[in-house]
Every structure is written in C-alpha cells, then in structure tokens.
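*Asks:* Based on the sequences and whatever the hints tell you, model everything.
Counting the sequence shown from 1 gives a position; the numbering used here is that position plus 7.
No lab work stands behind these hints, which were simulated from the structure alone. It is possible that some hints are incorrect.
[As the list claims (entries may be wrong)] Using 20 Å as the maximum straight-line C-alpha spacing, the simulated SDA-like pairs for lysine to any residue come out as follows:
#1 K199 <-> V210
#2 K199 <-> R171
#3 K302 <-> R123
#4 K302 <-> E21
#5 K44 <-> T58
#6 K44 <-> D30
#7 K44 <-> E80
#8 K199 <-> T233
#9 K302 <-> G26
#10 K44 <-> R57
#11 K302 <-> P53
#12 K44 <-> R10
#13 K199 <-> R181
#14 K199 <-> E147
#15 K199 <-> E212
#16 K302 <-> A282
#17 K44 <-> R27
#18 K302 <-> V50
#19 K302 <-> P66
#20 K302 <-> R27
#21 K199 <-> L114
#22 K199 <-> D230
#23 K199 <-> P267
#24 K302 <-> Q84
#25 K302 <-> L114
#26 K199 <-> Q165
#27 K199 <-> P249
#28 K199 <-> R123
[Unchecked claim] Computed Cβ-Cβ distance ranges for the label pairs, DEER-style:
#29 E56 <-> G228: 55 to 65 Å
#30 A180 <-> G269: 18 to 28 Å
#31 R61 <-> G284: 20 to 30 Å
#32 E56 <-> H159: 13 to 23 Å
#33 G98 <-> R61: 40 to 50 Å
#34 E162 <-> E115: 38 to 48 Å
#35 A239 <-> D270: 53 to 63 Å
#36 T119 <-> G51: 32 to 42 Å
Note that beta-carbon positions come from the ideal geometry of N, C-alpha and C, so glycine has one too.
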Amino acid sequence: MERRDIEIFLTLSEELHFGRTADRLHVSTARVSQTIKALERRVGAPLFERTSRRVTPTPIGRRLEQDLRPADEQIRQGIARAIAAGRGLDGVLRVGFVGTAIGQFVLEIAGTFHERYPSCRVQIRESHYSDGVGLLLADEVDGLVAAADVGHIGELSQSPVLLREPSTLAVSARHPFARRDSVTLDDLASAKVLRPRGMPDEVDEAAVPRTTPSGHLVERGPDFGTVQEMLALVGAGQGVFPVPTHASRYDARPDVVYVPIGDGIDFEWRLIWRAAGQTGRIRAFAESAVEYVAKRGNPLLGG
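*Replies:* In structure tokens, the structure reads:
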C-alpha cells in the first residue's frame, strides 16, 4: 500500500465525503474514488458504504483506520523531526496576537506545531491596536496573527487567510442601535466611530471607510490603544466600533451590545512576518496554521 493511498483512505475516514477529501488533498474526486476501490479489491471487502446522501465506514473500514492511524501519525512525526533537524527548526519562535480569542487560536496552533517540532518552543506575546506591525518591524516578534492584508507592503510577507468571519458593531447598551437587529455601513454616518491609535490608515480604512456607500462622511471619535480601552469607550457611549463576530462571545460586557453589520467587510486573519526575517520556523508555523484550519475549521465560530 502506497503512502498516498493511506493518506487518501485516512482523510476520507475523517471527512466522509469524496469531494471534501479531494479538495483537502488537492487531488481529483476520481483519484479518491479509484484509490478506495483499489484498496477494497486488495482487502477483498468494502471499506465504505456509499449512498447518494452519505459515506459511512464499514466495520472492516473502521478497524483498518484504527490500525493505520497511529502508524501514520508516527511516520508523520518522524519525518517532521528529521526535517526539523535538517532545517534547524529548534529554539524559540515568538508569535504575537491581538485579542483573547486570537491568543487561544495561536496556542492551539502552537500545540500542533510543538508535536511536530518538539525542539522548537512557541513563545506568545499579546499585541495591541496601538502596536500595529511595530512589534514585527522592531524584531520583537517573529510572526503576528492579525486581521490585516499587508500584501502591498514589500517588507512584510503573509500566509493565506486563516480565519474569516463577518463584522458586527460594538455599541453602548444605551445606544439606539442596541435595539436593532442589524445595521449597515450607512448607519456609521450617524455615530462617532472610534479610531485605533497607531493603526496605519490603509489598515484602518479596511474596517472603517472614510465615507459610507451613500457618500456620507464617517465621523471619528476618541482613539484607543487596546481592546479593553475600546470596550470601555463604547460602554461609556463615547463611540462605536466594528469588531469581529466572535467578540460577542469572548468580550461580553453588560454595557456593550454587538449588532451585526449587514453589509460589513469580513475580518480576515493571516500570519504576518518580516520578509527579511523569514526562517524555517515561521514557514513551518504558517504551514501548521493552514493545516489546523483545514482540519478543524474556524474555532472562533465553533467551526
């Protein structure tokens, strides 16, 4: 049995869907189907029951997965350790993040990363809105998980989008918006929108446009440097601010209400690093992050 055949079989055992298995492994659905049929001929019995609605492993298929999974993981870890030794993937990798939920996400990736590269320790550091990408440029962190697209900044590199979720508006519990089911970007013209201190204009405008879709100017309110400063200002009625949907779970406060923005711009998180500081460690961490999300979905939304 070829290594790729085992990978296809184990992935299908997880996904229970030929199309998703093909997408995850970047092969055709026909390749997945042919591989499983060939394995079934070799075993002499069906490994999966297929209907138009579902794919279910047979008892023989479940037992084969249980037998192969530990060996496959052992092979993966052995190869990863050899690669780590060959590439010098040891020492400390410093990763920054903004917000409680993203910190939890980084730690989950770090756990997966450490299993694969046990000689490399991940050290996390909380960043603030006011830091922007300053920690990166000052070489105080090796990578930063942030809701920013820095592809146009030549001195920075970035991973593909790791997490994506809709935006919601944080408003005071006393604000008229708090009684609404949703708001629009045009509604921003009738409220002061807080401004992150130290945030580059192009990054700030990705979340808060200068004008609404109908052309009205968006008035800016007081500035803030941290998530807690922002929430305190919102709760005190000094302004509103668009935040990711997960804030309603991770940053719940009695004086703040989160109202969905119907036509808001999605938040997209990436791992960012200095192009000149690219190492095997940061590349491996980015790969671990992409693989983690592919397997488990968006943990911020319970995906």
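*Asks:* Please go over all the hints and tell whether each is borne out by the structure.
*Replies:* Structure-based check of each hint:
1. K199 <-> V210: holds, 19 Å
2. K199 <-> R171: With a Cα-Cα distance of about 26 Å, the restraint between K199 and R171 is violated, given a limit of 20 Å.
3. K302 <-> R123: At roughly 16 Å apart (the allowed maximum being 20 Å), R123 and K302 satisfy the hint.
4. K302 <-> E21: Between K302 and E21 the Cα gap is close to 9 Å, so the pair holds against 20 Å.
5. K44 <-> T58: Roughly 15 Å separates the two Cα atoms, so the pair holds.
6. K44 <-> D30: Judged against 20 Å, a Cα distance of about 19 Å means the pair holds.
7. K44 <-> E80: violated, 24 Å
8. K199 <-> T233: Roughly 18 Å between the alpha carbons, so the hint for K199 and T233 holds.
9. K302 <-> G26: holds, 15 Å
10. K44 <-> R57: Distance of about 12 Å is within 20 Å: holds.
11. K302 <-> P53: Between K302 and P53 the Cα gap is close to 25 Å, so the pair fails against 20 Å, i.e. violated.
12. K44 <-> R10: holds, 16 Å
13. K199 <-> R181: Since the Cα atoms of K199 and R181 sit roughly 14 Å apart, the hinted pair holds (cutoff 20 Å).
14. K199 <-> E147: The hint is violated at about 34 Å.
15. K199 <-> E212: Measuring from Cα to Cα gives roughly 15 Å; hence the hint holds.
16. K302 <-> A282: Outside the cut-off at roughly 27 Å; violated.
17. K44 <-> R27: Holds, at roughly 18 Å.
18. K302 <-> V50: Distance of about 28 Å is beyond 20 Å: violated.
19. K302 <-> P66: Violated. K302 to P66 sits at ~24 Å, over the 20 Å cutoff.
20. K302 <-> R27: holds, 11 Å
21. K199 <-> L114: Between K199 and L114 the Cα gap is close to 35 Å, so the pair fails against 20 Å, i.e. violated.
22. K199 <-> D230: Holds: K199 and D230 sit about 11 Å apart, inside 20 Å.
23. K199 <-> P267: At roughly 17 Å apart (the allowed maximum being 20 Å), P267 and K199 satisfy the hint.
24. K302 <-> Q84: holds, 17 Å
25. K302 <-> L114: Since the Cα atoms of K302 and L114 sit roughly 16 Å apart, the hinted pair holds (cutoff 20 Å).
26. K199 <-> Q165: Distance of about 32 Å is beyond 20 Å: violated.
27. K199 <-> P249: holds, 11 Å
28. K199 <-> R123: Violated: K199 and R123 sit about 47 Å apart, past 20 Å.
29. E56 <-> G228: 55 to 65 Å: holds, 59 Å
30. A180 <-> G269: 18 to 28 Å: holds, 21 Å
31. R61 <-> G284: 20 to 30 Å: Check failed, 47 Å falls outside 20 to 30 Å.
32. E56 <-> H159: 13 to 23 Å: For E56 and H159 the Cβ distance comes to about 50 Å; the hint is violated.
33. G98 <-> R61: 40 to 50 Å: Roughly 46 Å apart at Cβ, these two residues keep to the hinted range, so it holds.
34. E162 <-> E115: 38 to 48 Å: violated, 29 Å
35. A239 <-> D270: 53 to 63 Å: violated, 28 Å
36. T119 <-> G51: 32 to 42 Å: holds, 36 Å
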